[in-house]
Amino acid sequence: MSEPGGYEPVDPNSPKIQSLAHFVVYDYNDEKRTHLALLKVLKAEKQVVDGTIYRLTLEVSNGGLIEVYETIFYVKVEEFKRIVPH
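Okay, so the sequence shown: first residue is 1 according to the working numbering, each after it adds one.
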């Protein structure tokens, strides 16, 4: 169990984490004009606040070189409205 307000481990192979990791690499490539390729999520953690802060350690290929990157990003809580039929 994690300490209050701290990060807690998340399964790095979960579909959600994999999807977030691919998005982060895609976004980084787009912003920095690089061509990183995600190889593996080495570690994943989250901290629930008013939304979720994720901290991922990623193994990427950068022009044939294997590098490790750490990224921290925030995902907002989405508001859903319930539609009730009359």
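Check before you lean on any hint, since a few could be wrong.
What the hints assert, rightly or not - Label pairs and their in silico Cβ distance ranges: (1) 8 to 63: 31 to 39 Å; (2) 47 to 18: 16 to 24 Å; (3) 77 to 34: 29 to 37 Å; (4) 77 to 35: 29 to 37 Å; (5) 6 to 37: 17 to 25 Å; (6) 64 to 27: 31 to 39 Å; (7) 64 to 42: 28 to 36 Å; (8) 78 to 18: 18 to 26 Å; (9) 32 to 6: 24 to 32 Å; (10) 57 to 15: 25 to 33 Å; (11) 53 to 13: 19 to 27 Å; (12) 64 to 8: 32 to 40 Å; (13) 31 to 53: 16 to 24 Å.
Claimed, not checked - Below, a list of computed lysine-lysine pairs in the DSBU-like style, where the Cα atoms sit at most 30 Å apart: (14) 76 to 32; (15) 43 to 76; (16) 32 to 16; (17) 43 to 32; (18) 46 to 32; (19) 40 to 76.
Don't read these hints as lab results, they were simulated from the structure.
Given the structure is predicted, the values throughout are model-derived calculations rather than measurements.
Just so you know, even glycine gets a beta-carbon here, dropped at the ideal spot from N, CA and C.
Cross-check of the supplied hints:
no.: 1; hint: 8 to 63: 31 to 39 Å; verdict: holds (34 Å)
no.: 2; hint: 47 to 18: 16 to 24 Å; verdict: holds (19 Å)
no.: 3; hint: 77 to 34: 29 to 37 Å; verdict: holds (31 Å)
no.: 4; hint: 77 to 35: 29 to 37 Å; verdict: holds (33 Å)
no.: 5; hint: 6 to 37: 17 to 25 Å; verdict: violated (31 Å)
no.: 6; hint: 64 to 27: 31 to 39 Å; verdict: violated (22 Å)
no.: 7; hint: 64 to 42: 28 to 36 Å; verdict: violated (19 Å)
no.: 8; hint: 78 to 18: 18 to 26 Å; verdict: holds (20 Å)
no.: 9; hint: 32 to 6: 24 to 32 Å; verdict: holds (30 Å)
no.: 10; hint: 57 to 15: 25 to 33 Å; verdict: violated (18 Å)
no.: 11; hint: 53 to 13: 19 to 27 Å; verdict: holds (20 Å)
no.: 12; hint: 64 to 8: 32 to 40 Å; verdict: holds (35 Å)
no.: 13; hint: 31 to 53: 16 to 24 Å; verdict: holds (20 Å)
no.: 14; hint: 76 to 32; verdict: holds (24 Å)
no.: 15; hint: 43 to 76; verdict: holds (21 Å)
no.: 16; hint: 32 to 16; verdict: holds (24 Å)
no.: 17; hint: 43 to 32; verdict: holds (23 Å)
no.: 18; hint: 46 to 32; verdict: holds (25 Å)
no.: 19; hint: 40 to 76; verdict: holds (25 Å)
Of the numbered hints stated above, those contradicted by the structure are hints 5, 6, 7 and 10, listed in ascending order.
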